[in-house]
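As they're listed, the protein sequences go chains A and B. So the first sequence is residues 1 to 271, counted in our numbering. So the second sequence is residues 1 to 271, counted in our numbering.
Watch out, some of these pointers could steer you wrong.
Pairs involving identical chains hold if they fit within one copy or between any two copies, as the list cannot separate such chains.
In silico DSSO-like links for lysine-lysine, alpha-carbon gap of 30 angstroms or less [to be verified]:
no.	residue 1	residue 2
1	74	136
2	194	264
3	10	270
4	136	152
5	10	26
6	136	119
7	132	194
8	191	262
9	136	10
10	261	26
11	170	191
12	170	152
13	70	132
14	74	10
15	70	194
16	132	170
17	132	152
These are computed hints drawn from the structure, not numbers from a lab.
Number of protein chains: 2
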Amino acid sequence: MKGLGLSELKPTVLKIGGSVITDKSKELEVRMQAINRLAQEIRDANIPNLVIVHGGGSFGHPLAQQYAIKEGVKEEVQRVGFSETHHVMTVLNGLFMDALIWRNVPAVSITPSSCIITKNGRIQCFEDAPLKMLLKMGFLPVLYGDAVLDTKLGFTILSGDQLVSVIATKFNAERIIIGVDVDGLYDADPKVEKKAKMFKHLTLEELKELQSKLDKSAACDVTGGMFGKIAELLSATKHGIPVTIVNATKPNYVHKVLKGKKVKGTLIEKE
Amino acid sequence: MKGLGLSELKPTVLKIGGSVITDKSKELEVRMQAINRLAQEIRDANIPNLVIVHGGGSFGHPLAQQYAIKEGVKEEVQRVGFSETHHVMTVLNGLFMDALIWRNVPAVSITPSSCIITKNGRIQCFEDAPLKMLLKMGFLPVLYGDAVLDTKLGFTILSGDQLVSVIATKFNAERIIIGVDVDGLYDADPKVEKKAKMFKHLTLEELKELQSKLDKSAACDVTGGMFGKIAELLSATKHGIPVTIVNATKPNYVHKVLKGKKVKGTLIEKE
Numbered sequence: 001m002k003g004l005g006l007s008e009l010k011p012t013v014l015k016i017g018g019s020v021i022t023d024k025s026k027e028l029e030v031r032m033q034a035i036n037r038l039a040q041e042i043r044d045a046n047i048p049n050l051v052i053v054h055g056g057g058s059f060g061h062p063l064a065q066q067y068a069i070k071e072g073v074k075e076e077v078q079r080v081g082f083s084e085t086h087h088v089m090t091v092l093n094g095l096f097m098d099a100l101i102w103r104n105v106p107a108v109s110i111t112p113s114s115c116i117i118t119k120n121g122r123i124q125c126f127e128d129a130p131l132k133m134l135l136k137m138g139f140l141p142v143l144y145g146d147a148v149l150d151t152k153l154g155f156t157i158l159s160g161d162q163l164v165s166v167i168a169t170k171f172n173a174e175r176i177i178i179g180v181d182v183d184g185l186y187d188a189d190p191k192v193e194k195k196a197k198m199f200k201h202l203t204l205e206e207l208k209e210l211q212s213k214l215d216k217s218a219a220c221d222v223t224g225g226m227f228g229k230i231a232e233l234l235s236a237t238k239h240g241i242p243v244t245i246v247n248a249t250k251p252n253y254v255h256k257v258l259k260g261k262k263v264k265g266t267l268i269e270k271e
Numbered sequence: 001m002k003g004l005g006l007s008e009l010k011p012t013v014l015k016i017g018g019s020v021i022t023d024k025s026k027e028l029e030v031r032m033q034a035i036n037r038l039a040q041e042i043r044d045a046n047i048p049n050l051v052i053v054h055g056g057g058s059f060g061h062p063l064a065q066q067y068a069i070k071e072g073v074k075e076e077v078q079r080v081g082f083s084e085t086h087h088v089m090t091v092l093n094g095l096f097m098d099a100l101i102w103r104n105v106p107a108v109s110i111t112p113s114s115c116i117i118t119k120n121g122r123i124q125c126f127e128d129a130p131l132k133m134l135l136k137m138g139f140l141p142v143l144y145g146d147a148v149l150d151t152k153l154g155f156t157i158l159s160g161d162q163l164v165s166v167i168a169t170k171f172n173a174e175r176i177i178i179g180v181d182v183d184g185l186y187d188a189d190p191k192v193e194k195k196a197k198m199f200k201h202l203t204l205e206e207l208k209e210l211q212s213k214l215d216k217s218a219a220c221d222v223t224g225g226m227f228g229k230i231a232e233l234l235s236a237t238k239h240g241i242p243v244t245i246v247n248a249t250k251p252n253y254v255h256k257v258l259k260g261k262k263v264k265g266t267l268i269e270k271e
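So that you can see chain A by itself, here it is in the shape it has in the complex (with noise of 0.2 angstroms):
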């Protein structure tokens, strides 16, 4: 069980996002299915140095919106909306953890509130002492979107966008796969839009002058929200560390990706 240095490690960080894993038209909905389905395309594909990201969905983000958690410590009533917050991302990755370790994944849940600070949303301490023994001992790290503590606003929101762009950078990442529920970043809100058409390469040059023109169009995030997790990324993609976004809803597109085939997605490249 012994592993090799941190600086051969080169992870892949894999994120599952919270629209895949839960139903976002119901509180606290799972998807079950997609949870052993995905569980099982990781199991299949069995790829070393692997860590695992997965966001909140129906789970985090109403109570998360109900208290304003994000805006930070305001008034009583949110105190136990942290609390709420906190422990309902623990029950949704609890069921992701089920399903990878009776599939015998050696995985193991990190709690990103227990070992990160931030400041100002901004990830500030992070003790990532656990992750890279983990990393080198052979397990499978799964960290999530948080409910964390911050020296500012006393409390915020950690996002999974933010913690994999922070993985990927701290541990030289090989690459980054992000699962959404479409099937890669659009000019428009694919779900709205019939006529948007999907990216299917950008270098960093690219993906800047797409984000000034987006900026400068409209108020929101016309991509349907999928720009601002890209956003997220960049600093990532700065250190030359390719993202592939990938439709992880549909079956076994998640499993090529991880075992470097070719499947519908957008490739985002330094260059």
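Let chain A serve as the given structure and place chain B on it in line with the hints.
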């Protein structure tokens, strides 16, 4: 939601034994009634600066034993055993958190394996900033015995008792309350020996004397495992932190002790 400085906090550290909240005769058997009753007692006591640590009982122990997790890394099959052991502890913790949060207690779980690494079974590195901040902000942090990473052994088991002692000493606790399934510390196992005599009060000197007597008289722990737990708390007692051992299976005992009232039990003090 502003709190006091840490030096003024002087928390109460409450341990809830695994034998109280689970049925140790059956694997993965929770005593939900006991968890709900204790959650209500904790809520009703409503004391500030409380930290809870709970044991593993029939969740953590059977798996930890089956895979010899405490002894460290030896063979491949232990890897998923470590994952399982940690996972079932998060499940038990989740049930406890549920009971607290649905009663509007602002409880937040802290996952020991996410912020603690041991060396030969003893806590070596403990990122306690989240615990400190939670206390300062008026939350109720809840920790538990867990399967953790170890710099010498690879991994091991961190007992809730060691956690209690380290947290109490580090945070200069006002008192430690140990909730178990017997009335206190006896000179023999009260579940086996009808004539076992309970100690109402012990000083550190008396406890040490008793310990050396027990060490000489038997290869195993004649007190039914209780003395091992107490030995773990000696360093806290040396720091002047009083320890009360109380029967947490009896309704209102924990509530009364939290409120500073007298109940049957064993009090251990420095002098």
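Verification of the supplied hints:
no.	hint	result
1	74 with 136	between (41 angstroms within a copy, 16 angstroms between copies)
2	194 with 264	within (17 angstroms within a copy, 72 angstroms between copies)
3	10 with 270	within (17 angstroms within a copy, 52 angstroms between copies)
4	136 with 152	between (34 angstroms within a copy, 14 angstroms between copies)
5	10 with 26	neither (38 angstroms within a copy, 43 angstroms between copies)
6	136 with 119	both (29 angstroms within a copy, 17 angstroms between copies)
7	132 with 194	neither (44 angstroms within a copy, 51 angstroms between copies)
8	191 with 262	within (24 angstroms within a copy, 64 angstroms between copies)
9	136 with 10	within (11 angstroms within a copy, 38 angstroms between copies)
10	261 with 26	neither (34 angstroms within a copy, 46 angstroms between copies)
11	170 with 191	neither (34 angstroms within a copy, 53 angstroms between copies)
12	170 with 152	both (23 angstroms within a copy, 25 angstroms between copies)
13	70 with 132	both (28 angstroms within a copy, 21 angstroms between copies)
14	74 with 10	between (41 angstroms within a copy, 26 angstroms between copies)
15	70 with 194	neither (33 angstroms within a copy, 57 angstroms between copies)
16	132 with 170	both (10 angstroms within a copy, 26 angstroms between copies)
17	132 with 152	both (28 angstroms within a copy, 15 angstroms between copies)
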